[in-house]
Amino acid sequence: MSRLANLHPGTGGTILLGLLPFIVLVFAYVLGSNTRLQENPDDKLLPAPSSFVDTIERYAFQEDRRSGERLWWTDTGASLERLLIALGISGALGLSIGLAIGAVPYVRSLLLPFVAAFGMIPPLAILPILFIVLGLGETAKVALIVIGITPIVIRDIALRASEIPHEQLIKAQTLGASTWTLSIRVLLPQLLPRLIDTVRLNLGCAWLFLIAAEAIASTEGLGYRIFLVRRYMAMDVILPYVAWITTLAFAMDYGLRRARRTFFPWAEAN
Amino acid sequence: MAIVTIRRLWKEYGEQVVLENLNLTIADGEFVTIVGASGCGKTTLLRMLLGVEKPTRGEILIDGAPLVYEPAPERGIVFQRYSLFPHLTVTRNLLLGLELSGAHLTGRLFGRARRQALEQVHALLNEIGLYAARDKYPSQLSGGMQQRLSIAQSVICQPKILLLDEPFGALDPGITADMHELILRLWEKNRMTVFMVTHDVKESFQLGTRLLVFDKKRHDPHAPDAYGATVTYDIPLNRRLRAVA
Ligand SMILES: Nc1ncnc2c1ncn2[C@@H]1O[C@H](COP(=O)(O)OP(=O)(O)OP(=O)(O)O)[C@@H](O)[C@H]1O
Ligand SMILES: [Mg+2]
Numbered sequence: 001m002s003r004l005a006n007l008h009p010g011t012g013g014t015i016l017l018g019l020l021p022f023i024v025l026v027f028a029y030v031l032g033s034n035t036r037l038q039e040n041p042d043d044k045l046l047p048a049p050s051s052f053v054d055t056i057e058r059y060a061f062q063e064d065r066r067s068g069e070r071l072w073w074t075d076t077g078a079s080l081e082r083l084l085i086a087l088g089i090s091g092a093l094g095l096s097i098g099l100a101i102g103a104v105p106y107v108r109s110l111l112l113p114f115v116a117a118f119g120m121i122p123p124l125a126i127l128p129i130l131f132i133v134l135g136l137g138e139t140a141k142v143a144l145i146v147i148g149i150t151p152i153v154i155r156d157i158a159l160r161a162s163e164i165p166h167e168q169l170i171k172a173q174t175l176g177a178s179t180w181t182l183s184i185r186v187l188l189p190q191l192l193p194r195l196i197d198t199v200r201l202n203l204g205c206a207w208l209f210l211i212a213a214e215a216i217a218s219t220e221g222l223g224y225r226i227f228l229v230r231r232y233m234a235m236d237v238i239l240p241y242v243a244w245i246t247t248l249a250f251a252m253d254y255g256l257r258r259a260r261r262t263f264f265p266w267a268e269a270n
Numbered sequence: 001m002a003i004v005t006i007r008r009l010w011k012e013y014g015e016q017v018v019l020e021n022l023n024l025t026i027a028d029g030e031f032v033t034i035v036g037a038s039g040c041g042k043t044t045l046l047r048m049l050l051g052v053e054k055p056t057r058g059e060i061l062i063d064g065a066p067l068v069y070e071p072a073p074e075r076g077i078v079f080q081r082y083s084l085f086p087h088l089t090v091t092r093n094l095l096l097g098l099e100l101s102g103a104h105l106t107g108r109l110f111g112r113a114r115r116q117a118l119e120q121v122h123a124l125l126n127e128i129g130l131y132a133a134r135d136k137y138p139s140q141l142s143g144g145m146q147q148r149l150s151i152a153q154s155v156i157c158q159p160k161i162l163l164l165d166e167p168f169g170a171l172d173p174g175i176t177a178d179m180h181e182l183i184l185r186l187w188e189k190n191r192m193t194v195f196m197v198t199h200d201v202k203e204s205f206q207l208g209t210r211l212l213v214f215d216k217k218r219h220d221p222h223a224p225d226a227y228g229a230t231v232t233y234d235i236p237l238n239r240r241l242r243a244v245a
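Those sequence lines, one after another, are chains A and B. The first sequence maps to residues 1 to 270 in my numbering. The second sequence maps to residues 1 to 245 in my numbering.
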């Protein structure tokens, strides 16, 4: 066993190797920041790590002078609320329409071409329309994410439904299943793990749409804050916010993965 | 049990004639084994009996009534693979049949009905030797266990006709004896009319009460698809029929 392809790291090794790129990144940043600050103490591009602590202290634990709120948490709450509502709507729509397409050939013929075409609309291009029609409030932001993600979820769920072996569907019918019971007892449970996968893979897109919408029209939210402080080149705010968004996204991804393993153990084996 | 009558049945796919002029009357409770060269239309015949394929010409009658071309609980099927539900445990795979035929709105049984169904399921699990594995998922079972479960699943709704398409084809030859014993036991108990396609000629003699050999009667070397297969040998194997009689 000397081929590289056959060598596997142990548990400790796996953790260490996984951490290594992060350590390298932090080290490179500190190095770069130090060098630049030595040359010019007013440099704003790579602020010292200590200034991040100041920012977090200021944004997360002190009340804002004007609004009296802890901005970090108001921003997080506002963004997460938009994101979770949008993901919930996309998931529910995607699952039910995808299931209907998968279960009923007539619905497939009716909807699949439309969904495919609809999914090609660049969501950001219709953002102005959303703002015009739905106003600048929450609805437009949630709608942007929903419009951006739902077609992908529908198509992925429908694709998964078509991958379920035909033998199973015939077998269920010989056991007395109707279209309805076939859908809820055979198709739906097998589509749920895929729904989790699809939502996981689309989390990045969802955040993208969220931040875009917040950047353009908002009064709070993580994306709003980043674009607000950009005017002052406040990298000491932007970078912690980006790191925080990344952490949130990573936690959601991890949570979904765990949920899949817990609730659908049968889907792990294959 | 059911009497199956096949009259002047033809099946063509485009230019290709797969089955030609099939005429058969299968008695109540018969165990029909079907052998024939690969591609001669055995699966096609089974699919027509199942109701997922329509004959080009001719008709199939079940107890004198025309067959409904849609899968139905009166006709059970065991495929070679893929017919278990991967998201359900062994117990629930069996329970599903009783639930689907018993609850048309929710597809689930509750309370007393569920307890009674579970008792029936557990009895059947004991009979097929899978009680100890009752909480496993299909992917955690061996091929032979999966196929035993698949057979049990097909008989739990007490179909009049059971169709088997090379059910043991993917299994280790060492365990087929067990499987034969199981299928015969279930056949005798449930009094079904059985159609079983197999590649194993010995198996077809051992299990069947009637053996059908499919082959092409006519051959055109320049147009291999011009003629279809039909029953060339129809061999009664009476020694088993007494078991049901
Ligand atoms: N849906 C279809 N469309 C076109 N031709 C088909 C279709 N299904 C089967 N055939 C053709 O019909 C013929 C019979 O197929 P069938 O599957 O019934 O053979 P078989 O006897 O079951 O063979 P095997 O022993 O290999 O399973 C084959 O030549 C096949 O190519
Ligand atoms: Mg076949």
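A few of these clues could be false.
Claimed, not checked - Short, incomplete list of chain A residues facing chain B, as computed with Cβ under 8 Å:
1) Q168
2) L175
3) G176
4) A177
5) S178
6) Q190
Hints are computed from structural coordinates only; laboratory data are not their basis. Think of the CB as a built atom: it goes at the ideal place given N, C-alpha and C, for glycine as much as any other residue.
A quick look at each hint next to the structure:
| no. | hint | result |
| --- | --- | --- |
| 1 | Q168 | 6 Å, holds |
| 2 | L175 | 4 Å, holds |
| 3 | G176 | 3 Å, holds |
| 4 | A177 | 5 Å, holds |
| 5 | S178 | 6 Å, holds |
| 6 | Q190 | 5 Å, holds |
No hint from the list above goes unmet by this structure.
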